[in-house]
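Work out the full structure: start from the sequences and follow the hints.
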Amino acid sequence: MSDQGKVAPARRRGLADEVADRIREAIFNGAYAPGEQLREVELSGEMDVSRGPVREALRLLEREGLVHCAWHRGTTVTTLSAEDVAELDSLRGALEDLAVRQVIAHASDEDLASIAKTADMMERAGDAHEMVRLDIAFHDAVFAAAGHQRLADAWDGIRCQVHLFLLTRIGRSTAGYLDCIPREHHGLVTALRARDTSTALDLFAAHRRHAVDVVAVTTA
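The opening residue of the sequence shown carries number 1 in my numbering; numbering runs sequentially from there.
These are calculated hints, taken from the structure and not from any lab test.
This structure is a prediction, so every number in the text was calculated from the model and none was measured.
Simulated restraints, written as ranges between beta carbons of each label pair: (1) Thr197 <-> Gln37: 40 to 48 Å; (2) Ala70 <-> Cys180: 31 to 39 Å; (3) Ala105 <-> Asp156: 17 to 25 Å; (4) Ala175 <-> Arg51: 37 to 45 Å; (5) Lys117 <-> Arg150: 21 to 29 Å; (6) Arg172 <-> Asp202: 21 to 29 Å; (7) Met47 <-> Cys180: 32 to 40 Å; (8) His72 <-> Gly14: 27 to 35 Å; (9) Asp196 <-> Arg124: 22 to 30 Å; (10) Glu87 <-> Met47: 30 to 38 Å; (11) Glu42 <-> His72: 13 to 21 Å.
C-beta: ideal position from N, C-alpha, C; glycine also.
Given below as structure tokens:
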């Protein structure tokens, strides 16, 4: 058998990736709210690209769980149902519990300092959307410090959906949000630095539950 034709030619996908990055950023900035329609024609005009890269970018974002495509409704920013929230929370909890155990058992003082730095940055957050970004950055640092590549990959698989969940949370209520979130994360850092597994697991669970409770009030 000839070696020719065994592998299809590679495609350059840079433009679609860039378009996906810009749409994702707009969602995370709150420019497109959950449930809002994303129209290919408008997006291609705003970004001065053809509809092909936009269509491909939307498919990428659908795989990330950020948008939903349906033939009769077009593409919309994902609205999380009560079932979505429950599934996402249970999976995140399982991954985060392992990450906490790994961090406490194996993380260096420098790793813990990197986690603490993200918590310190929260004190200077100017608005709720910036706080959400820093919240995600904190958990990125926790998973990075765990020293477990497959665990980090699993977190990366749900990371955008967790970001969307936190956007949903601030969409429900921001009462006390900018004040309580830094305090919660400093508590998490203290428990990790103390290598106190039981307390850390309890605090991380309470942190997740607080956000879920806010969303569940109006999602159910």
